[in-house]
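Asks: Listed in order, the protein sequences are those of chains A and B. Using numbering that gives the first Met the number 0, the letters of the first sequence map in sequence onto residues 0 to 155. Using numbering that gives the first Met the number 0, the letters of the second sequence map in sequence onto residues 0 to 155.
Hints are computed from structural coordinates only; laboratory data are not their basis. Just so we're clear, the structure is a prediction, and the values are computed from it rather than from any experiment. Any given hint could turn out to be false.
It does not matter which identical chain is used: a pair holds within one copy or between any two.
Claimed, not checked - With a straight-line Cα cutoff of 27 Å, these simulated BS3-like cross-link-like pairs (lysine-lysine) come out: (1) 96 <-> 136; (2) 71 <-> 122; (3) 122 <-> 149.
2 protein chains.
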Amino acid sequence: MNNKNSFMLRAIELSIESVDNNGGPFGCVIVKNNKIIAEGNNQVTNLNDPTAHAEIVAIRNACKSINDFNLKGTEIYTSCEPCPMCLSAIYWSHIDKIYYGNTRLEAANIGFDDNHIYEELNKDLSTRLIPMEQINKNDAIIAFENWELKIDKKEY
Amino acid sequence: MNNKNSFMLRAIELSIESVDNNGGPFGCVIVKNNKIIAEGNNQVTNLNDPTAHAEIVAIRNACKSINDFNLKGTEIYTSCEPCPMCLSAIYWSHIDKIYYGNTRLEAANIGFDDNHIYEELNKDLSTRLIPMEQINKNDAIIAFENWELKIDKKEY
Numbered sequence: 000m001n002n003k004n005s006f007m008l009r010a011i012e013l014s015i016e017s018v019d020n021n022g023g024p025f026g027c028v029i030v031k032n033n034k035i036i037a038e039g040n041n042q043v044t045n046l047n048d049p050t051a052h053a054e055i056v057a058i059r060n061a062c063k064s065i066n067d068f069n070l071k072g073t074e075i076y077t078s079c080e081p082c083p084m085c086l087s088a089i090y091w092s093h094i095d096k097i098y099y100g101n102t103r104l105e106a107a108n109i110g111f112d113d114n115h116i117y118e119e120l121n122k123d124l125s126t127r128l129i130p131m132e133q134i135n136k137n138d139a140i141i142a143f144e145n146w147e148l149k150i151d152k153k154e155y
Numbered sequence: 000m001n002n003k004n005s006f007m008l009r010a011i012e013l014s015i016e017s018v019d020n021n022g023g024p025f026g027c028v029i030v031k032n033n034k035i036i037a038e039g040n041n042q043v044t045n046l047n048d049p050t051a052h053a054e055i056v057a058i059r060n061a062c063k064s065i066n067d068f069n070l071k072g073t074e075i076y077t078s079c080e081p082c083p084m085c086l087s088a089i090y091w092s093h094i095d096k097i098y099y100g101n102t103r104l105e106a107a108n109i110g111f112d113d114n115h116i117y118e119e120l121n122k123d124l125s126t127r128l129i130p131m132e133q134i135n136k137n138d139a140i141i142a143f144e145n146w147e148l149k150i151d152k153k154e155y
């Protein structure tokens, strides 16, 4: 067994433990320089946090572990293909590569259907299931103008 | 000024404060029964957390505030159109409606380009900028089988 498989098996172990602990069946590890630097499992229902998917939990732990908001140079091993929230978080984190076990189709088969979220993201704002309305745009732009003028801003 | 505008102005106020405090120029409030139950602003760089966008911070705070992972019956006021991570989180949270100020185009103009993430989500897994590789699928499925068999599972 090579390291890739052993990292994934740890992610899978976390996903199985998660079911035992009444969380969703998802686990994840993040690896840097061939070492696990962070782990995560689904904690939506036990933490009352709809954003606490395994990947988000692992990303937050990894950033704490290396004290940086940029995870360039790391790889993520997740027991299931990421949902659009987690996939986007992986892009924001600049993780190098994604290994996954189950597919989103298999997740849909057991009731975790994020396909409809993938579809919603593609729709025009006016036709989405959750209605979206633009208001106060002349006020909102002020923060963007301030950001542009700021000299010592920290980009991410 | 009606309540809608006053809620959005509070979100905008948070976005302006965020710039002053060296965070990204984004703010957000969540409203239930015509009252703000949670606030958030971008804290990516000061918390070293790439997932700490204003909406995610506000969602986590709102769930803490009502002690539930389901935000049905709430509305979110965000100073800018949500990125795909935050939009997906809004779907997972079952928020009823989204009010936004700036558009994603305006965000791109000041260097926050999440359009490329929206595009990546649509691509076939094999052609994405961050490579994706499936491994250990026969092992990964075990957690899903356990989930199916579990009687007292808590769905979300």
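Asks: Are the hints correct? Go through all of them and say.
Replies: For each hint, the structure was consulted:
1. 96 <-> 136: between (38 Å within a copy, 17 Å between copies)
2. 71 <-> 122: between (31 Å within a copy, 22 Å between copies)
3. 122 <-> 149: For residue 122 and residue 149, the Cα distance exceeds 27 Å both inside one copy (34 Å) and across copies (35 Å).
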